[in-house]
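Engineer: First to last, the protein sequences are chains A and B. According to our numbering, numbering within the first sequence proceeds without interruption in unit steps and concludes at 175. According to our numbering, numbering within the second sequence proceeds without interruption in unit steps and concludes at 464.
Just so you know, not all the hints are guaranteed correct.
To be verified - In silico DSS-like cross-links for lysine-lysine, where the CA-CA straight-line distance does not exceed 25 Å:
1) A/K138 x B/K145
2) B/K111 x B/K146
3) B/K363 x A/K155
4) B/K272 x B/K111
5) B/K382 x B/K427
6) B/K382 x B/K363
7) B/K248 x A/K157
8) B/K360 x B/K381
9) A/K157 x A/K86
10) B/K145 x B/K111
11) A/K45 x A/K168
12) A/K40 x A/K157
13) A/K157 x A/K138
14) B/K145 x A/K86
15) B/K272 x B/K248
16) B/K162 x B/K145
17) A/K155 x A/K138
18) B/K146 x B/K162
19) B/K111 x A/K155
20) B/K272 x A/K157
21) B/K459 x B/K382
22) A/K157 x B/K363
23) B/K146 x A/K138
Said to hold, decoys possible - Far from chain B, by Cβ distances over 10 Å, these chain A residues were calculated:
24) H70
25) H75
26) I93
27) T105
28) Y109
29) D121
30) G146
31) I150
32) D156
33) L170
Said to hold, decoys possible - Simulated restraints, written as ranges between beta carbons of each label pair:
34) A/I93 x B/K154: 46 to 56 Å
35) A/S139 x B/D149: 20 to 30 Å
36) A/I93 x B/P220: 56 to 66 Å
37) B/Q312 x A/H70: 56 to 66 Å
38) A/I150 x B/I214: 56 to 66 Å
39) B/G429 x A/A163: 35 to 45 Å
40) A/V98 x B/P158: 48 to 58 Å
Quick caveat, the hints were computed from the structure, so don't treat them as lab data. Just so it is clear, CB atoms sit at the ideal spot from N, CA and C, and this is done for glycine as well.
What follows is each chain in one-letter form.
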Amino acid sequence: MKVDELKLELNAALGTTQVASLCVQLIDQLVHLDDAHGQMLTYTSLQKLLNYPEIDTPLVSAVHFLTSSRYALLEAHGQLIDDDGDEYPLEDVDFNEVLKSGFLVHPGTGEIVIDAKDKVMPYFALSLPKGLEWAPK
Amino acid sequence: MEKIFNSMRDRMPWPVARVLLRSLGLEPSQGWQRTIKKYADAPQQKHIGPLLDKIEEHNLCGEKFTKIYEIEPEEHRLVQNWISGLEVPENLFTRAYPLTLPANEIDEIGAPPQLVSVVRNDDGIGAVYTHVIRLTTREKIELGDLVDDPSVFEDQYDEIIGLKYRTVQLFSIAWVPHDRNAIEIRTDMPAGMSTDFAHAVQSQIRRTLNDSEIIELNRPIDLFPLLEAIYEDSRDGLVVELGFSTTSASVKNEKMRRAGLDLRTEPYHLAGKKGLGTPIEPFRLFVRWTVATDDIRLTPELGLVGTARGRSTIGEPGKVGISGAIIRNCVGRADFEYVISRMHHHLESLKEEVGT
């Protein structure tokens with residue numbers, strides 16, 4: 039599928055909304071990232087890619103749309119930053135559990151993490167669909 | 109089972125415990141609390157023997173600070189014989205071995221290392237010692253959890269810190285491999301233990317061996333040259349942490365611990381080296397390997413930790429060394445011996461380079 043077709047379908051799905059516009063802008067940036075540069079995209083990374091003023095609800099919604107719809111270009115993951123400041127990438131099953139219920143065991147110690155939702159940082163990895171075509175920058 | 113799991117909980121990182129349990133057909137639950145409850149409600153008597161065997165193996169190989177001493181062939185024969193002839197005394201520690209004692213059953217902290225086991229297997233012969241230390245951890249205290257009116261203290265203090273004392277039983281091993289003229293002193297390095305403390309524990313075990321008068325151990329092999337040797341060998345493992353200094357007066361500490369990623373090929377790292385134009389000077393490295401064995405995927409790590417002083421100080425130009433390796437995330441012999449073999453591979457390559 040060509041990227042332009044993807045953007046048309048997306049606009050048809052979301053209508054003339056700010057979220058749709060942000061999705062289109064994100065697609066334009068993401069397709070020009072290679073795998074090495076798309077391993078850990080945070081909300082801040084995506085905000086900076088778009089030169090967007092802040093991480094607001096429309097931006098968060100646009101990012102979520104691009105992870106969870108049939109137009110998904112991003113995979114969502116999580117990383118625990120524990121009270122010692124150490125980083126622990128989470129298995130996807132554990133990340134999904136903390137999103138759903140707030141329950142998390144520390145990947146290093148196996149002990150329950152108190153207030154886990156406040157200690158897990160979401161991030162996104164580039165996952166362009168196979169066969170997606172776009173013109174080079 | 110609860111006693112066994114609590115001993116494991118004290119000693120093993122959760123990922124290692126999960127691999128170990130699964131290798132025996134014991135599927136863990138989410139975290140220690142739920143796993144202990146699961147098997148308290150449905151104990152697995154037939155697994156206890158194999159589980160204790162695995163725990164004993166882990167005692168020799170898990171979360172170790174390791175120094176390697178080269179010895180002569182005759183010393184090798186003498187020290188293996190000496191260890192084989194050691195008599196293990198009968199006491200609370202030896203009765204509990206391979207498990208640790210619960211903290212409330214330990215009378216004395218800081219006594220010298222005591223022999224708890226002599227191990228013989230296809231890899232070598234070793235004497236296992238135990239001793240008990242106290243580790244102190246610092247935690248910020250949320251006043252609201254302790255007092256009704258925290259404002260009285262909030263005016264006077266920016267933070268209130270509590271000290272937690274933890275009684276920890278360590279296992280240290282004097283290990284003599286069959287296939288090398290060397291002695292490895294492997295000491296536990298639990299989370300929260302400083303490198304200084306680890307060196308002190310190492311010194312105690314070395315003193316025990318030297319007091320036997322069978323052997324005189326002086327300086328361990330200097331592992332500093334392994335830093336660059338492993339960093340430069342892009343086919344060997346994944347570099348997950350790297351500390352280095354630059355000629356542009358910067359000290360960097362890079363970390364990349366997501367599975368499958370290697371700092372050596374990370375774009376920012378590569379661009380930085382290219383932009384710098386002069387070689388970086390590594391002083392700290394953690395490298396991870398994947399070892400596949402019996403349908404299990406193991407991911408042991410080797411850490412070589414120096415300081416930003418690098419290789420030289422005024423007192424020791426070109427001679428500052430790294431005397432011990434942090435070997436962690438090992439489940440047992442297979443992955444631990446793999447790490448040791450990689451270290452020796454690079455040490456031997458370096459010797460050959462110096463010789464040519």
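Engineer: Are the hints correct? Go through all of them and say.
Structural biologist: To see whether the hints hold, each was checked on the structure:
Proposed proximity of A/K138 and B/K145 is supported: the alpha carbons are some 23 Å apart, at most 25 Å. For the hint linking B/K111 to B/K146, the alpha-carbon distance of about 14 Å falls within 25 Å, and the restraint holds. Straight-line distance between C-alpha atoms of B/K363 and A/K155 comes to about 23 Å, which keeps the hinted pair within the 25 Å bound. Restraint check: the Cα-Cα separation between B/K272 and B/K111 comes to about 23 Å, which is no more than 25 Å; the hinted pair holds.
For the hint pairing B/K382 with B/K427, the CA-to-CA distance comes to about 28 Å; that exceeds 25 Å, so the pair is violated. Only pairs whose Cα atoms come within 25 Å are accepted, and B/K382 paired with B/K363 is accepted, the gap being roughly 19 Å. The suggested pairing of B/K248 with A/K157 holds, with an alpha-carbon distance near 16 Å, which does not exceed 25 Å. At most 25 Å may separate the alpha-carbon atoms for a hinted pair to count; B/K360 and B/K381 meet this at roughly 12 Å.
With a C-alpha separation of about 23 Å, the suggested pairing of A/K157 with A/K86 holds against the 25 Å cut-off. A C-alpha spacing of about 12 Å is found between B/K145 and B/K111, which places the hinted pair at or below 25 Å, so the restraint holds. The suggested pairing of A/K45 with A/K168 holds, with an alpha-carbon distance near 16 Å, which does not exceed 25 Å. Straight-line distance between C-alpha atoms of A/K40 and A/K157 comes to about 39 Å, which puts the hinted pair past the 25 Å bound.
As the CA atoms of A/K157 and A/K138 are separated by approximately 15 Å, the hinted pair is consistent with the 25 Å bound. Taken as a hint, the B/K145 and A/K86 pair is broken in the structure, with Cα atoms around 47 Å apart against an allowance of 25 Å. Of the pairs offered as hints, the one joining B/K272 and B/K248 holds, with about 11 Å between alpha carbons and a cut-off of 25 Å not exceeded. Of the pairs offered as hints, the one joining B/K162 and B/K145 holds, with about 21 Å between alpha carbons and a cut-off of 25 Å not exceeded.
Between A/K155 and A/K138 the CA atoms are separated by roughly 10 Å; this keeps the pair inside 25 Å, and the hint holds. At roughly 20 Å between alpha-carbon atoms, B/K146 and B/K162 fall within 25 Å of each other, so this suggested pair holds. Proposed proximity of B/K111 and A/K155 is contradicted: the alpha carbons are some 32 Å apart, above 25 Å. Distance hint between B/K272 and A/K157 is fulfilled; the C-alpha atoms sit about 22 Å from each other, no more than 25 Å.
Our distance criterion of 25 Å between C-alpha atoms is broken by B/K459 and B/K382, whose separation comes to about 30 Å. Among the hinted pairs, A/K157 with B/K363 is consistent with the structure: their alpha-carbon atoms are about 19 Å apart, no more than 25 Å. For the hint linking B/K146 to A/K138, the alpha-carbon distance of about 22 Å falls within 25 Å, and the restraint holds. Listed as a non-interface residue, A/H70 keeps its Cβ farther than 10 Å from every Cβ of chain B; the least gap is roughly 14 Å.
The beta carbon of A/H75 sits about 6 Å from the closest Cβ of chain B, which is not more than 10 Å, so the claim that it is off the interface is violated. With a least beta-carbon separation of about 23 Å from chain B, A/I93 lies farther than 10 Å from that chain, consistent with its non-interface assignment. Every Cβ of chain B is farther than 10 Å from the Cβ of A/T105; the closest lies at roughly 17 Å, confirming the non-interface assignment. Every Cβ of chain B is farther than 10 Å from the Cβ of A/Y109; the closest lies at roughly 25 Å, confirming the non-interface assignment.
Once the 10 Å rule is applied to beta carbons, A/D121 is inconsistent with being away from chain B; the minimum gap is 8 Å. Non-interface call for A/G146 relative to chain B: violated, since the shortest CB-CB distance, roughly 6 Å, does not exceed 10 Å. Taking the minimum C-beta to C-beta distance to chain B, about 6 Å, the non-interface status of A/I150 is violated against the 10 Å cut. Its beta-carbon lying about 13 Å from the closest one in chain B, A/D156 satisfies the requirement of being farther than 10 Å from that chain.
With a least CB separation of 22 Å from chain B, A/L170 remains clear of the 10 Å interface cut-off, as annotated. With their beta carbons about 54 Å apart, A/I93 and B/K154 fall inside the hinted range of 46 to 56 Å. Look at A/S139 against B/D149: about 22 Å separates their beta carbons, and that is inside 20 to 30 Å. Evaluation of the 56 to 66 Å hint for A/I93 and B/P220 yields a pass: the beta carbon distance comes to about 57 Å.
The beta-carbon spacing between B/Q312 and A/H70, approximately 59 Å, falls within the hinted interval of 56 to 66 Å. In this structure the supplied range 56 to 66 Å is violated for A/I150 paired with B/I214, their Cβ-Cβ distance being about 26 Å. The hinted window of 35 to 45 Å between B/G429 and A/A163 holds, with their beta carbons roughly 40 Å apart. For A/V98 and B/P158, the Cβ-Cβ distance of about 49 Å falls inside the hinted range of 48 to 58 Å, so the restraint holds.
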